[in-house]
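Line by line, the protein sequences are chains A and B.
Just so you know, we're using this note's numbering here: the first sequence kicks off at 9 and counts up by one.
Just so you know, we're using this note's numbering here: the second sequence kicks off at 9 and counts up by one.
Treat each hint with caution, since some may be false.
Since the list can't tell identical chains apart, any single copy or any two copies may satisfy a pair.
What the hints assert, rightly or not - Subject to a maximum C-alpha distance of 25 Å in a straight line, what follows is the list of computed SDA-like cross-link-like pairs (lysine to any residue):
no.: 1; residue 1: Lys-413; residue 2: Glu-376
no.: 2; residue 1: Lys-355; residue 2: Arg-254
no.: 3; residue 1: Lys-38; residue 2: Asn-20
no.: 4; residue 1: Lys-390; residue 2: Arg-275
no.: 5; residue 1: Lys-374; residue 2: Leu-13
no.: 6; residue 1: Lys-390; residue 2: Leu-114
no.: 7; residue 1: Lys-221; residue 2: Leu-114
no.: 8; residue 1: Lys-374; residue 2: Ala-39
no.: 9; residue 1: Lys-302; residue 2: Arg-117
no.: 10; residue 1: Lys-374; residue 2: Pro-134
no.: 11; residue 1: Lys-353; residue 2: Ser-397
no.: 12; residue 1: Lys-390; residue 2: Ala-50
no.: 13; residue 1: Lys-302; residue 2: Asn-12
no.: 14; residue 1: Lys-383; residue 2: Tyr-409
no.: 15; residue 1: Lys-38; residue 2: Thr-257
no.: 16; residue 1: Lys-383; residue 2: Val-128
no.: 17; residue 1: Lys-401; residue 2: Glu-226
no.: 18; residue 1: Lys-250; residue 2: Asn-20
no.: 19; residue 1: Lys-374; residue 2: Glu-97
no.: 20; residue 1: Lys-374; residue 2: Arg-37
no.: 21; residue 1: Lys-221; residue 2: Gly-79
no.: 22; residue 1: Lys-353; residue 2: Asp-259
no.: 23; residue 1: Lys-221; residue 2: Val-258
no.: 24; residue 1: Lys-250; residue 2: Gly-396
No wet-lab data here; the hints were simulated from the structure.
Given next are the chains, with one letter for each unit.
Protein chains: 2
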Amino acid sequence: MPVNLNPPVAANLYPVAGVRLGVTEAGIRKANRRDLTLIELAAGSRVAGVFTQNRFCAAPVQVCRQHLAAGEIRALVINTGIANAGTGEPGLQASKQSCQAVARLLDLRADQVLPFSTGVILEPLPVERLIAGLPACQSALKADGWYDAAHAIMTTDTVAKAASVQVDVGGQTVTITGISKGAGMIKPNMATMLGFVATDAVVSQPMLDRLVKEVADESFNCVTVDGDTSTNDSFILIATGKSRARFETVDAPHWAEFKAAVIGVARHLAQAIARDGEGATKFIEIAVSGARSKDEAKAVGYAIAHSPLVKTAFFASDPNLGRILGAIGNAWGNDPSLRDLDVAKVKVWLADVLVSENGGRAESYKEEDGAAAMKPAEIVVKVDLGRGSAQGKVWTCDFSYDYVKINADYRS
Amino acid sequence: MPVNLNPPVAANLYPVAGVRLGVTEAGIRKANRRDLTLIELAAGSRVAGVFTQNRFCAAPVQVCRQHLAAGEIRALVINTGIANAGTGEPGLQASKQSCQAVARLLDLRADQVLPFSTGVILEPLPVERLIAGLPACQSALKADGWYDAAHAIMTTDTVAKAASVQVDVGGQTVTITGISKGAGMIKPNMATMLGFVATDAVVSQPMLDRLVKEVADESFNCVTVDGDTSTNDSFILIATGKSRARFETVDAPHWAEFKAAVIGVARHLAQAIARDGEGATKFIEIAVSGARSKDEAKAVGYAIAHSPLVKTAFFASDPNLGRILGAIGNAWGNDPSLRDLDVAKVKVWLADVLVSENGGRAESYKEEDGAAAMKPAEIVVKVDLGRGSAQGKVWTCDFSYDYVKINADYRS
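Use the sequences and the hints to build the structure in full.
See the structure below:
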């Protein structure tokens, strides 16, 4: 059961002028599942992306990087079931063939198409089935296809993930709508499993390239379920330019408001992944302050968020909070600058309960307060490192029997 | 159920001349459990140790470092139930008081005593109960107390861990006997949760200081259960000097044989920890070759061994081997030198089955061969990085429902 993530949101997803989406059941890996999505972008749209840092990055990620460098993107094709990762040269060819097939259908060049895959690694992509499914996607293309697409990109997700806002920016209405998927193999490094956000604002390519990185760092790059950075992580930001709001230079008026709105949508999509993390029963925010750098803060956040001992204690609602100290003490493994961490200066709170200071248990701490703070479905862990003014956040979920069950059964 | 680790070994543990051990039920945290161990060393014994790199290291670890620096160690006192970590200045005082009490009993100075604790973090050590239990430990001191001590240092361990050999070194019989504990919060960094190995050989202090590090690197520093480096890891090597085998300089004859025998005992103790890892149903060795350095090889080994996705696939005997590629692709997070890893040169075997080469699935690979290779209780994963001649091994276990159960219930 996802934590505090209750669709339906379908009624609240605003179409983005210049974007049409269509889905179908292509039978990529299993029958009777929507597993293929086509997204068509109007001419003049600008697109930017960030991708996984995994060295075994998937074939479609490699093709995306090439095609984004080439320029004018007009379509995205997304399949689930097979990740087309760990597939070598044949995988690369299959991914390119899928782009060629989309190009033929929509009268584009192949390098105007971005391909995405998600699913099982190391198995070949049945590209002929993908290609056979494309005409049905094309027939289904519609401006309000976002909610269908949110469903068609799911794998072990239990709910479709989508977010949408309309904001007034300097007197112009800007629409921002996005979808994401991911529940396991989640520790995005530049981007999440799959995230797509579109706006109708006019954004210049340099501004969009910069924005996609900043947004990823404030959203998808703060989420972890199991610490396993995927081979297929991709986050794509699209600006169709169909509205009158224009952001073409760094000093464009209202840029900060626009950016905040995009970050808001991306954060919702990113947090949705942790809320729907495999087996999740709790959503946990780890807010670290008093660091010398943002990297330090996030290193501590991830050390806590990746500790199986901390995560199982949250599942059990057991205030076995020494495990959090143990994780903080290991964070230098994520960022060597923390080797000289003075633990006597570290403070830890669970919600508003001060748990630890001066290297030990806080004098005011009572076990029953800790127990009460562990019970809610949403918990904030606050850590002050006492050595600087930088801060950072990480979002994660707990670790339950069902995580093991889901991942022991995934392919069966 | 521990994997291929079937005591009783009691009959096979050789006493080490100069070492006596006694245990009792001190009621540190729970009644009716042997939870306090006293080890007495003959005058002239030499002792060396390596300890956790966790910044929140436990009070006894801090005291051990001070006392080892001071010199002549004659006793060790070990409690379970409470880790005395995350306990600040009062914890440090409690640990020192335990040394003072042992010193009074055995007519020693307090800095001749090494203290060790293991159990729950962030709770105060009931040092008065520990001190009250010491006379019973003293009465119980005996040369063949190793097996009792192996039991008395257990926490979530399901079996006592001990190993013992007698080897002929240059015509002299040398005895090496050791015990260890640990099942969760295991990713030793310099040492395991607790490991104690004694020999009756004469070993000079400089040679012993060097040996303890080399042995730890070849044994305890190759084990991981959950990637959580403990606050209390300690590995202690004792040489009582009661036999005629002498190793006082680097060029001492038969040093290599002696070292190999000590490593053999320590490896048995280290592997026992993974075999008895919390919830373990399988023992997994990850052997990485073709690396540019040993650090690179171990970084890849740990990336695989820490991936919850890989570990749950082993639990399910599901040859979902793309997860191993995903983990290898992330290993640069453990060692940045792997950022330029060429995945096209990486080969992966499961037992003798070639799974992956040329960046994809091996042409010869058949799913049924992979499935068969996943079934045994002991599995070797081999990885060749194809970029150098260094190698390294990591031992771990799978990730089962019972890991979650044990860690959700640990304090209750």
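Hints, verified against the model:
1. In this assembly of identical chains, the alpha carbons of Lys-413 and Glu-376 lie at most 25 Å apart only when taken from different copies (22 Å versus 32 Å within one copy).
2. Taking the shortest alpha-carbon separations for Lys-355 and Arg-254, neither the intra-copy value of 45 Å nor the inter-copy value of 50 Å comes in at or below 25 Å.
3. In this assembly of identical chains, the alpha carbons of Lys-38 and Asn-20 never lie at most 25 Å apart, being 30 Å within a copy and 56 Å across copies at closest.
4. For a Cα distance limit of 25 Å, the shortest separation of Lys-390 from Arg-275 inside one copy, 19 Å, qualifies, whereas the shortest one across copies, 40 Å, does not.
5. Taking the shortest alpha-carbon separations for Lys-374 and Leu-13, neither the intra-copy value of 32 Å nor the inter-copy value of 41 Å comes in at or below 25 Å.
6. Taking the closest pair of Cα atoms, Lys-390 and Leu-114 never come within 25 Å of each other, the shortest separation being 51 Å inside a single copy and 46 Å across copies.
7. Taking the shortest alpha-carbon separations for Lys-221 and Leu-114, neither the intra-copy value of 29 Å nor the inter-copy value of 65 Å comes in at or below 25 Å.
8. Proximity of Lys-374 and Ala-39 under a CA criterion of 25 Å is satisfied inter-copy only: 23 Å between copies versus 54 Å inside one chain copy.
9. Within a single copy, Lys-302 and Arg-117 get their C-alpha atoms no closer than 42 Å, and across copies no closer than 47 Å, so neither meets the 25 Å cut-off.
10. In this assembly of identical chains, Lys-374 and Pro-134 lie within 25 Å of each other by CA distance solely across copies; the values are 18 Å between and 58 Å within a copy.
11. Taking the closest pair of Cα atoms, Lys-353 and Ser-397 come within 25 Å of each other only inside a single copy of the chain (14 Å); across copies the shortest separation is 44 Å, beyond that limit.
12. For a Cα distance limit of 25 Å, the shortest separation of Lys-390 from Ala-50 qualifies neither inside one copy, at 45 Å, nor across copies, at 49 Å.
13. In this homomeric assembly, Lys-302 and Asn-12 never come within 25 Å of each other (Cα to Cα): the closest approach is 28 Å inside a single copy and 46 Å across copies.
14. Taking identical chains as interchangeable, the C-alpha atoms of Lys-383 and Tyr-409 lie at most 25 Å apart whether they share a chain (18 Å) or sit on different chains (22 Å).
15. For a Cα distance limit of 25 Å, the shortest separation of Lys-38 from Thr-257 qualifies neither inside one copy, at 47 Å, nor across copies, at 67 Å.
16. Taking the shortest Cα distances, Lys-383 and Val-128 sit within 25 Å of each other only across copies (21 Å), while inside one copy they are farther apart (35 Å).
17. In this homomeric assembly, Lys-401 and Glu-226 come within 25 Å of each other (Cα to Cα) only inside a single copy, at 9 Å, whereas the closest approach across copies is 37 Å.
18. Taking the shortest alpha-carbon separations for Lys-250 and Asn-20, only the intra-copy value of 20 Å comes in at or below 25 Å, while the best inter-copy value is 81 Å.
19. For the homomeric pair Lys-374 and Glu-97, the shortest alpha-carbon distance between copies (19 Å) is at most 25 Å, but the shortest distance inside one copy (59 Å) is not.
20. In this assembly of identical chains, the alpha carbons of Lys-374 and Arg-37 lie at most 25 Å apart only when taken from different copies (18 Å versus 52 Å within one copy).
21. In this assembly of identical chains, Lys-221 and Gly-79 lie within 25 Å of each other by CA distance solely inside one copy; the values are 18 Å within and 55 Å between copies.
22. In this assembly of identical chains, the alpha carbons of Lys-353 and Asp-259 never lie at most 25 Å apart, being 41 Å within a copy and 47 Å across copies at closest.
23. Within a single copy, Lys-221 and Val-258 get their C-alpha atoms as close as 15 Å, which meets the 25 Å cut-off; across copies the closest is 55 Å, which misses it.
24. Taking CA atoms no more than 25 Å apart as the test, Lys-250 paired with Gly-396 passes in neither setting, with 44 Å inside one copy and 54 Å between copies.
Going down the numbered hints, you'll see the structure goes against 2, 3, 5, 6, 7, 9, 12, 13, 15, 22 and 24, while the others check out.
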